[in-house]
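**Student:** All chains should be built: construct the whole structure from the sequences, respecting the hints.
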Amino acid sequence: MMQPQTEKTPLLEVKALKKYYPVKRGLWGRAGVVRAVDGVDLTVYPGETVSIVGESGCGKSTTGRCILRLIEPTEGQIWFEGTDISRLSQDRLRQMRRHMQFVFQDPFASLNPRKTIRQILSDPLIVHGIGSARERKQRVEEMMEVVGLSKSHLDRYPHEFSGGQRQRIGIARALILRPKLIIADEPVSALDVSIQAQILNLMQDLQREFQLTYLFISHDLSVVRHISDRVAVMYLGKVVEIADKKSLYEKPAHPYTRALLSAVPIPDPDAVRERIILEGDLPSPANPPTGCTFHPRCPSCMEVCKTTPPPVKEVGEGHLIACHLDVTG
Amino acid sequence: MKTPLLEIQDLTTSFSQSRKQVKVIDNISISLHAGETLGVVGESGCGKSVTSLSVMRLLGKNAQIRGKIRFDDVDLLALSEREMQQVRGNKLAMIFQEPMTSLNPLHTVGKQIAEPLIKHLKLSRREARQRAIQLLREVGIPRPDEIYSEFPHQLSGGMRQRVMIAIAMACNPKLIIADEPTTALDVTIQAQILDLMKRLKQQHGTAIMLITHDLGVVAEMCERVIVMYAGQIVEEADVRTLFRSPRHPYTIGLINSMPEVTTDRERLESIPGSVPSLQDMPKGCRFAPRCSQAMEICRKQAPDLLTLSETHKCRCWLYAEEGGA
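Heads up: the protein sequence lines correspond to chains A and B, in order.
Residue numbers 206 to 534, in our numbering, belong to the letters of the first sequence in order.
Residue numbers 21 to 345, in our numbering, belong to the letters of the second sequence in order.
Hints in this document: simulated from the structure, not taken from any laboratory.
Any given hint might turn out to be false.
[To be verified] If you only want the chain A side, here are some residues facing chain B, beta carbon under 10 Å, derived:
no., residue
1, E260
2, S367
3, H424
4, V428
5, Y461
6, I471
7, L487
8, A491
9, P501
10, R502
[Unchecked claim] Here are the simulated lysine-lysine pairs, DSSO-like style, with alpha carbons at most 30 Å apart:
no., chain 1, residue 1, chain 2, residue 2
11, A, K451, A, K220
12, B, K40, B, K320
13, A, K356, B, K81
14, A, K511, A, K213
15, A, K456, B, K218
[Stated by the list, open to error] If you want the footprint, here are the derived chain A segments under chain B, 3+ residues with CB under 8 Å:
no., segment
16, 332-340
17, 473-482
Glycine included, every Cβ here is placed at the ideal spot set by N, Cα and C.
**Tutor:** So this is what it looks like as structure tokens:
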């Protein structure tokens with residue numbers, strides 16, 4: 206695993222990314238907004254794996270999709286290798302997407318059921334006008350073997366494959382353009398543990414082989430610990446803590462991260478559990494709490510948290526939290 | 021020794037599919053004592069949910085159930101549908117995975133909790149309402165008087181699962197079968213629900229059969245564990261033995277393929293291949309095609325569930341000498 210060097214230029218830099226959805230309440234109701242993503246900053250260096258982790262509705266998937274402009278962001282900048290892709294025309298954007306690909310969660314819904322695997326894997330090459338028909342055929346066959354499938358399966362349809370095999374196809378489709386960045390949104394959460402391990406191992410092998418950079422989106426803290434170099438924790442559209450894996454898991458500083466980590470069941474009957482049980486549910490992003498959005502559930506809530514949004518503090522090297530508390534990492 | 025609360029003997033459930041019988045679970049025997057929490061783990065398609073639905077007798081007409089299921093001294097398979105209805109939701113209750121689809125969207129939450137109280141405990145409407153509100157309070161629902169008249173869609177996923185638990189607890193059952201009760205929930209909400217289940221169990225002494233794919237949940241909740249693979253029990257042990265010295269290569273593989281939140285692992289051990297299809301079960305041991313330790317005999321002859329110690333059983337040829345006697 207590669208550590209980001211101090212002088213390295215980032216591959217991806219997201220600045221103040223926002224995605225608001227308009228909503229209407231009632232028949233004549235005033236229009237409001239759902240702040241799905243509310244000012245996310247994120248930097249990803251070449252060769253590393255950065256994960257975004259959080260519970261449902263925290264905006265992690267929307268963030269991932271906005272970065273590739275599969276959803277148009279409301280505000281913010283997305284710099285990829287020195288180009289702000291948030292302003293690119295559709296044409297230029299399509300050319301850029303060759304370098305940044307997406308792996309979706311649901312291996313059952315993200316492959317076209319009416320196309321053979323050969324067609325599914327050839328399409329990206331055709332769209333980007335890569336190679337002759339013969340070269341494309343060769344590349345497709347090679348890619349099948351890279352992801353651990355047999356090229357004799359190329360003329361089958363997606364329904365003939367198991368969930369794990371389909372996710373391998375999803376990865377092959379993302380990889381066939383030789384991208385630099387892969388954004389993977391919950392790529393293993395629909396899979397059984399034994400298959401999940403196969404896919405995680407495959408992703409790590411491919412990262413080494415093709416010098417890939419991953420932005421990994423997941424709700425599963427154990428999987429995130431396994432695959433990441435750095436981790437960002439999101440809550441209600443905002444990043445509340447970001448750090449390298451070791452600091453985040455061993456010295457979590459934000460009260461939400463601490464509660465989140467303590468909530469994960471440990472597969473050891475003798476483990477000592479000091480569980481912080483959070484009260485209540487995630488508030489609605491259409492009507493977020495004032496001040497720090499986590500304050501109604503926070504076990505360490507102070508007066509100031511109810512009124513003032515928290516500042517971003519550095520509690521260790523590269524370890525940032527958005528919190529009023531005086532904590533050392 | 022006391023007679024178990026639930027005793028399943030040689031249960032085989034098959035479905036007819038285009039004139040063929042497909043065995044989904046094969047010769048399963050499980051016993052569960054009053055007040056005990058038993059975990060049933062396995063991956064998709066291992067038959068863990070069909071086992072629970074067989075016990076509840078909630079499978080469709082094309083299911084054939086053979087074997088014996090004794091619950092609280094009653095042979096459940098011998099009951100008529102009408103008699104079974106007297107058991108279900110009364111002494112034997114179930115919590116389903118998906119709280120959105122298992123609550124009726126057209127009825128208020130209150131009505132759904134009051135229903136078993138009126139039907140089984142013969143409470144009047146007013147008494148049922150009071151008891152239902154009390155149950156809602158007990159499962160930690162804020163504003164229980166108001167929530168009583170709300171519909172499931174007005175509640176969050178965690179709240180809905182609390183309502184499901186309130187319904188299951190309504191008649192103070194002896195056994196609750198919980199089929200992946202927290203799988204659809206976020207971790208912080210899962211922690212709340214597991215906490216609630218533990219508290220209710222302590223207060224009421226309810227036995228729980230907890231069906232899950234999550235070994236973390238098992239370690240936390242259960243006293244004894246059954247591991248299923250391809251419709252069979254492959255290992256059974258008390259929870260400590262299962263995690264400290266698992267014996268079946270599948271169990272070992274399952275434990276080693278899990279990433280952990282508390283430790284770093286360079287690489288996960290994965291189990292190669294995938295679960296065999298029901299129509300095409302391997303001739304010998306069902307795990308042999310994926311097993312790194314498979315021997316000659318494993319591919320030819322199916323192993324029995326061997327008793328390794330009083331609390332430990334394992335279906336594997338590796339231990340034939342140890343447990344063969």
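**Student:** Each of the hints needs a verdict: does it hold here or not?
**Tutor:** Cross-check of the supplied hints:
1. The beta carbon of E260 (chain A) is positioned within 10 Å of a beta carbon in chain B (closest approach about 4 Å), and the interface hint is therefore held.
2. Hint status for S367 (chain A) relative to chain B: holds, with the closest Cβ pair at about 5 Å, below 10 Å.
3. The beta carbon of H424 (chain A) is positioned within 10 Å of a beta carbon in chain B (closest approach about 7 Å), and the interface hint is therefore held.
4. The interface hint given for V428 (chain A) is met, as the beta carbon of that residue sits about 5 Å from the closest beta carbon of chain B, less than 10 Å.
5. Given the 10 Å rule on beta carbons, the hint for Y461 (chain A) holds: about 9 Å separates it from the nearest Cβ of chain B.
6. With a least beta-carbon distance of about 6 Å to chain B, the hint placing I471 (chain A) at the interface is held under the 10 Å criterion.
7. Annotation: L487 (chain A) was flagged as interfacial toward chain B, and the flag holds, the nearest CB pair being 8 Å apart, inside 10 Å.
8. With its C-beta approaching chain B no nearer than about 14 Å, A491 (chain A) sits outside the 10 Å limit, and its interface hint is violated.
9. Of the supplied interface hints, the one on P501 (chain A) is violated, with its beta-carbon coming no nearer than about 12 Å to a beta-carbon of chain B, more than 10 Å.
10. Here the hint on R502 (chain A) is kept, as its CB sits about 8 Å from the closest CB of chain B, short of 10 Å.
11. For the suggested pair K451 (chain A) and K220 (chain A), the alpha carbons sit about 25 Å apart, so the restraint of at most 30 Å is met.
12. A threshold of 30 Å between alpha carbons decides the hint, and for K40 (chain B) with K320 (chain B) the separation of about 24 Å falls inside it, so the pair holds.
13. Taken as a hint, the K356 (chain A) and K81 (chain B) pair is broken in the structure, with Cα atoms around 42 Å apart against an allowance of 30 Å.
14. Restraint check for K511 (chain A) and K213 (chain A): the C-alpha separation of about 39 Å exceeds 30 Å, so the hint is violated.
15. Pair hint K456 (chain A) plus K218 (chain B) holds up; C-alpha atoms about 29 Å apart against a cutoff of 30 Å.
16. Evaluation of the coverage hint for the segment 332-340 of chain A: breached, as 0 residues show C-beta separations to chain B shorter than 8 Å, against a requirement of three.
17. Counting residues of the segment 473-482 of chain A whose beta carbon lies closer than 8 Å to any beta carbon of chain B gives 7, which meets the minimum of three for the stated coverage.
Checked against the numbered hints above, the structure violates hints 8, 9, 13, 14 and 16; every other hint is satisfied.
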